[in-house]
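Q: Everything in the sequence shown is counted per my numbering, starting at 72 for the first residue and increasing by one.
Simulated from the structure, these hints should not be mistaken for laboratory data.
None of the values given here were measured: they were computed from a predicted structure.
Just so you know, not all the hints are guaranteed correct.
[To be verified] Computed beta-carbon distance windows for the label pairs:
#1 ARG80 - LYS160: 37 to 43 angstroms
#2 CYS184 - LYS82: 30 to 36 angstroms
#3 CYS184 - GLN90: 25 to 31 angstroms
[Unchecked claim] No farther apart than 25 angstroms at their CA atoms in a straight line, the calculated lysine to aspartate or glutamate pairs in the DMTMM-like style are these:
#4 LYS197 - GLU208
#5 LYS82 - GLU166
#6 LYS171 - GLU155
#7 LYS171 - GLU87
#8 LYS154 - ASP169
#9 LYS182 - GLU105
#10 LYS197 - ASP119
#11 LYS182 - ASP89
#12 LYS196 - ASP145
#13 LYS160 - ASP109
#14 LYS182 - GLU122
#15 LYS171 - ASP109
#16 LYS171 - ASP201
#17 LYS171 - GLU78
#18 LYS189 - GLU78
#19 LYS171 - GLU188
#20 LYS197 - GLU134
#21 LYS182 - GLU87
#22 LYS196 - GLU87
#23 LYS160 - GLU134
#24 LYS160 - ASP136
#25 LYS171 - ASP198
#26 LYS189 - GLU87
#27 LYS160 - GLU188
#28 LYS197 - GLU112
#29 LYS171 - GLU105
#30 LYS189 - GLU166
#31 LYS154 - ASP89
#32 LYS196 - GLU211
#33 LYS171 - GLU104
#34 LYS171 - ASP89
#35 LYS160 - GLU78
#36 LYS154 - GLU122
#37 LYS182 - GLU104
By construction, the Cβ of each residue, glycine as well, lies at the ideal position given by its N, Cα and C atoms.
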Amino acid sequence: MMREIQEYRHKVQYYETDQMGIVHHSNYIRWFEEARTDLLEQMGMGYDRMEALGIGSPVLGVEADYLRMVHFGDIVSIQTRMKEYNGIKLTLEYEVTDEKTGMVHCRGLTKHCFLNEKGRPVSLKKDYPDIHALFVEMMEQGKQKPE
């Protein structure tokens, strides 16, 4: 049984904001990557381990819905959930929440695939069953959480 995954926390830095002290929209995409990296590390399958095995996971697509502004000095929590996984492709969902108010400020998703060192698609299910089992377990764990 996998341990409880902790949300990723981020304190907004000055350089992430514009002259009005509001976070520039591009930074949410960076936060998604930080949260994704953190999730994989908590699963025991960080990018360093995947790359050592010759597995890459490029981003195929990104979506972000900006609901409210985030400001310099705010602390946000980013919950990351697996939405879809089939052994070859992965879709993750993100929810950026203000820690003080509990209000959701941004929702988004990223789509990924798995490639070998030659840039060819990899089936984790077939080629890396132990890694596939981790992703399946995380997918199942995400389905049990209330939305």
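Q: Each hint: holds or not?
A: Right, here's what the structure says about each hint:
The supplied range of 37 to 43 angstroms is broken by ARG80 and LYS160, whose beta-carbon atoms lie about 28 angstroms from each other. Taking the beta carbon of each, CYS184 and LYS82 are about 32 angstroms apart, inside 30 to 36 angstroms as hinted. With their beta carbons about 38 angstroms apart, CYS184 and GLN90 fall outside the hinted range of 25 to 31 angstroms. At roughly 16 angstroms between alpha-carbon atoms, LYS197 and GLU208 fall within 25 angstroms of each other, so this suggested pair holds.
With a C-alpha separation of about 15 angstroms, the suggested pairing of LYS82 with GLU166 holds against the 25 angstroms cut-off. Our distance criterion of 25 angstroms between C-alpha atoms is broken by LYS171 and GLU155, whose separation comes to about 30 angstroms. For the hint pairing LYS171 with GLU87, the CA-to-CA distance comes to about 19 angstroms; that is within 25 angstroms, so the pair holds. Of the pairs offered as hints, the one joining LYS154 and ASP169 holds, with about 22 angstroms between alpha carbons and a cut-off of 25 angstroms not exceeded.
This hinted pair checks out: LYS182 and GLU105 have alpha carbons roughly 15 angstroms apart, not beyond 25 angstroms. Of the pairs offered as hints, the one joining LYS197 and ASP119 holds, with about 21 angstroms between alpha carbons and a cut-off of 25 angstroms not exceeded. Between LYS182 and ASP89 the CA atoms are separated by roughly 28 angstroms; this puts the pair beyond 25 angstroms, and the hint is violated. Note on LYS196 and ASP145: the hinted pairing is violated, with a Cα-Cα distance of about 40 angstroms set against a maximum of 25 angstroms.
Taking the CA atoms of LYS160 and ASP109, the gap is about 19 angstroms. The hint holds against a cut of 25 angstroms. At roughly 18 angstroms between alpha-carbon atoms, LYS182 and GLU122 fall within 25 angstroms of each other, so this suggested pair holds. A hinted pair counts as satisfied when its Cα atoms are at most 25 angstroms apart, and LYS171 with ASP109 qualifies at roughly 22 angstroms. Taken as a hint, the LYS171 and ASP201 pair is broken in the structure, with Cα atoms around 39 angstroms apart against an allowance of 25 angstroms.
This hinted pair checks out: LYS171 and GLU78 have alpha carbons roughly 15 angstroms apart, not beyond 25 angstroms. Of the pairs offered as hints, the one joining LYS189 and GLU78 is violated, with about 34 angstroms between alpha carbons and a cut-off of 25 angstroms exceeded. For the hint pairing LYS171 with GLU188, the CA-to-CA distance comes to about 43 angstroms; that exceeds 25 angstroms, so the pair is violated. Taking the CA atoms of LYS197 and GLU134, the gap is near 29 angstroms; set against the 25 angstroms cutoff, the hint is violated.
Using a Cα cut-off of 25 angstroms, the hinted pair LYS182 and GLU87 holds, with the two alpha carbons roughly 24 angstroms apart. Pair hint LYS196 plus GLU87 does not hold up; C-alpha atoms about 39 angstroms apart against a cutoff of 25 angstroms. A C-alpha spacing of about 16 angstroms is found between LYS160 and GLU134, which places the hinted pair at or below 25 angstroms, so the restraint holds. For the hint linking LYS160 to ASP136, the alpha-carbon distance of about 22 angstroms falls within 25 angstroms, and the restraint holds.
A C-alpha spacing of about 44 angstroms is found between LYS171 and ASP198, which places the hinted pair above 25 angstroms, so the restraint is violated. Straight-line distance between C-alpha atoms of LYS189 and GLU87 comes to about 35 angstroms, which puts the hinted pair past the 25 angstroms bound. Distance check on the hinted pair: LYS160 and GLU188 sit about 17 angstroms apart at the alpha-carbon level, within 25 angstroms; holds. Between LYS197 and GLU112 the CA atoms are separated by roughly 22 angstroms; this keeps the pair inside 25 angstroms, and the hint holds.
Taking the CA atoms of LYS171 and GLU105, the gap is near 21 angstroms; set against the 25 angstroms cutoff, the hint holds. Annotation: proposed proximity of LYS189 to GLU166 is violated, straight-line Cα distance about 33 angstroms (limit 25 angstroms). With a C-alpha separation of about 32 angstroms, the suggested pair LYS154 and ASP89 falls outside the 25 angstroms cut-off, and the hint is violated. Using a Cα cut-off of 25 angstroms, the hinted pair LYS196 and GLU211 holds, with the two alpha carbons roughly 15 angstroms apart.
Pair hint LYS171 plus GLU104 holds up; C-alpha atoms about 23 angstroms apart against a cutoff of 25 angstroms. Taking the CA atoms of LYS171 and ASP89, the gap is near 22 angstroms; set against the 25 angstroms cutoff, the hint holds. At most 25 angstroms may separate the alpha-carbon atoms for a hinted pair to count; LYS160 and GLU78 meet this at roughly 23 angstroms. Of the pairs offered as hints, the one joining LYS154 and GLU122 holds, with about 23 angstroms between alpha carbons and a cut-off of 25 angstroms not exceeded.
The suggested pairing of LYS182 with GLU104 holds, with an alpha-carbon distance near 12 angstroms, which does not exceed 25 angstroms.
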